[in-house]
Amino acid sequence: SQQHLKKEATVWKHFDDLQVAKFYGVAVVGGRPALILEWCSQGTAADYIKGKSLDERLRVILTLAKGLAYVHSRNVVHGDLKASNVLISNKGCAVLSDFGLSRSLERPTSYTTSTYSMAGSLNWSSPELIRPWFDTEEACVKTLASDVWAFGCTVYELLTEEAPYASSPPNGFLKMLGIIDQHITPLAFSAQPVHIPNGILAVLERCWAPHPAERPSMAEVVEMLSA
Numbered sequence: 001s002q003q004h005l006k007k008e009a010t011v012w013k014h015f016d017d018l019q020v021a022k023f024y025g026v027a028v029v030g031g032r033p034a035l036i037l038e039w040c041s042q043g044t045a046a047d048y049i050k051g052k053s054l055d056e057r058l059r060v061i062l063t064l065a066k067g068l069a070y071v072h073s074r075n076v077v078h079g080d081l082k083a084s085n086v087l088i089s090n091k092g093c094a095v096l097s098d099f100g101l102s103r104s105l106e107r108p109t110s111y112t113t114s115t116y117s118m119a120g121s122l123n124w125s126s127p128e129l130i131r132p133w134f135d136t137e138e139a140c141v142k143t144l145a146s147d148v149w150a151f152g153c154t155v156y157e158l159l160t161e162e163a164p165y166a167s168s169p170p171n172g173f174l175k176m177l178g179i180i181d182q183h184i185t186p187l188a189f190s191a192q193p194v195h196i197p198n199g200i201l202a203v204l205e206r207c208w209a210p211h212p213a214e215r216p217s218m219a220e221v222v223e224m225l226s227a
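Residue 77 in UniProt numbering sits at position 77 of the sequence shown, and the numbers go up by one each step.
Check the hints yourself; a few may be wrong.
Unchecked claim - Restricting the straight-line Cα-Cα distance to at most 27 angstroms, the calculated cross-link-like pairs of lysine-lysine (DSS-like) are: (1) 22 <-> 91; (2) 91 <-> 50; (3) 22 <-> 50; (4) 91 <-> 52; (5) 52 <-> 22.
Said to hold, decoys possible - Distance ranges between label pairs, derived from CB positions: (6) 31 <-> 54: 42 to 50 angstroms; (7) 188 <-> 22: 32 to 40 angstroms; (8) 31 <-> 55: 43 to 51 angstroms; (9) 194 <-> 30: 41 to 49 angstroms.
These are calculated hints, taken from the structure and not from any lab test. We put the beta carbon where it would ideally sit given N, CA and C, even for glycine.
Hey, can you work out the whole structure from these sequences and the hints?
Structure (structure tokens):
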């Protein structure tokens, strides 16, 4: 909707960082408004990492962490982080895009999560986003901590080339609620053997802490990845 696009543009236009796609304005294409963004010739991170070395993947992950840390420093929750919403610049760096589900912490009631908005990103959603909906069928608010969980899932995606929980049994929210109750991470549902460096595993474990308050900030994640 135009209102949704206006909200996305309002958030995006204030960013000024190499790891966030540059926003140039809004145009009307075929009678419909569209955002004008920086052209990233390397496509999405999901496509870019195919066949890439571990070192290259880790470099992309670090630049992604820096970009999300920047967004969080501006008091904005991305709200829909996954490899298909991350672009790759001409220099091979991660560039955040798709702020359609973002939320400014300066307007805490301006956005809540609905079943529709989670439908395409359920496997990247943190436990606290899923459980309230299942228990009460009420919307829940995305936070910096839920972004951190999604970052961990995106790192998993970039290292394994598969979506988190991709090989788990289908059943939507019922499946995910079972995962929450047992705190089963994406690592348990890998379709193939996963070889992730111990240092990265330690970061993922912290990003996937069951309770939001136990997860690190993205600034801390950048420090851990840079060590």
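Hints, one by one, checked against the model:
As the CA atoms of residue 22 and residue 91 are separated by approximately 15 angstroms, the hinted pair is consistent with the 27 angstroms bound. This hinted pair checks out: residue 91 and residue 50 have alpha carbons roughly 17 angstroms apart, not beyond 27 angstroms. Under the criterion of a C-alpha separation no larger than 27 angstroms, the hint pairing residue 22 with residue 50 is consistent with the structure, at around 25 angstroms. The suggested pairing of residue 91 with residue 52 holds, with an alpha-carbon distance near 14 angstroms, which does not exceed 27 angstroms.
At most 27 angstroms may separate the alpha-carbon atoms for a hinted pair to count; residue 52 and residue 22 meet this at roughly 26 angstroms. Range check, residue 31 to residue 54: Cβ separation about 46 angstroms, and the 42 to 50 angstroms hint holds. Residue 188 and residue 22 have their C-beta atoms about 39 angstroms apart, which keeps the hinted 32 to 40 angstroms range intact. Between residue 31 and residue 55 the Cβ separation comes to about 46 angstroms, which falls inside the hinted range of 43 to 51 angstroms.
Remark: the range hint 41 to 49 angstroms for residue 194 to residue 30 is upheld by a beta-carbon distance near 43 angstroms.
Checked against the numbered hints given earlier, this structure breaks none of them.
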